[in-house]
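Student: Listed here are the chains, written in short residue letters.
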Amino acid sequence: MHLHKYEKYWLGAGIVGLIVFLIILGFGAFYLGTHPQSHGEIIDPENIEANDAFKPENRGLTKVDEGRYVLNIVASAFNYDLGTDESGAPIKNIEIPAGSKVLVQATTPDVIHGLNFAGTNINMMVEPGYVSTMEVELNNPGEYTLVCNEYCGVGHHLMYGSLEVVE
Amino acid sequence: MVTKNQKHVNTNPESEPNLKGTLISVSILGAILLVTWIGALMLFLLR
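The listed protein sequences derive, respectively, from chains P and F. Going left to right, the first sequence walks through residues 370 to 536 as the numbering used here numbers them. Going left to right, the second sequence walks through residues 580 to 626 as the numbering used here numbers them.
I should point out that these hints are in silico values taken from the structure, not numbers from a laboratory. Backbone N, C-alpha and C define an ideal beta-carbon position, used for all residues, glycine too. What you were told as hints is all true, and nothing was included just to trick you.
Quick list of in silico lysine-lysine cross-link-like pairs, DSSO-like style, CA-CA up to 30 Å:
(1) P/374 x F/599
(2) P/432 x P/461
(3) P/377 x F/599
(4) P/432 x P/470
(5) P/470 x P/424
(6) P/424 x P/461
Cβ-Cβ distance ranges computed for the label pairs, FRET-style:
(7) P/470 x F/603: 43 to 49 Å
(8) F/612 x P/509: 24 to 30 Å
(9) F/604 x P/459: 55 to 61 Å
(10) P/467 x F/604: 42 to 48 Å
(11) F/596 x P/520: 45 to 51 Å
Work the whole structure out from these sequences, hints included.
Tutor: Here it is in structure tokens:
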């Protein structure tokens, strides 16, 4: 088969690109352990409290070590449960010192929701029956809005909260 | 007799087409793809 010289250049670039992508994919999957956020940890959506992380007293932000936090969130139609403060009022704003590592764990008892702190890498789907997990390091101070980015029903736009990364 | 002008006449219909414009346009497309990929990666790394 005859190929023009320029076609060979472009085919070569395509093949090199494919190999580079496969190497990146393999490195991410097998060496770094990258996986979808809901990669198989299952939970009974009818009884999410059977999982310690989603018991009412464990919801919201918990400091587990110096610079390490766990953030447990229950997304439901149409609210994010980020725990309660001392007076029992629901928390809507979370404060985390910059440079902290945060493990975010979320689930839902009803329908598929999104969980996105806009402007950070925390962005995942929350599916009934699964625990979505993601660990991030929050280095950039600022205020980030928590929004649902999977259309979940008539009250979709009422699901919000905020995260403040403070110096 | 072959004159100077006749040398430049293309008598072979299966000769190489000129693909310079094609190479330049796909290279521009390739550059745009690279910029968007690197842009998305930088967004992920800097956030």
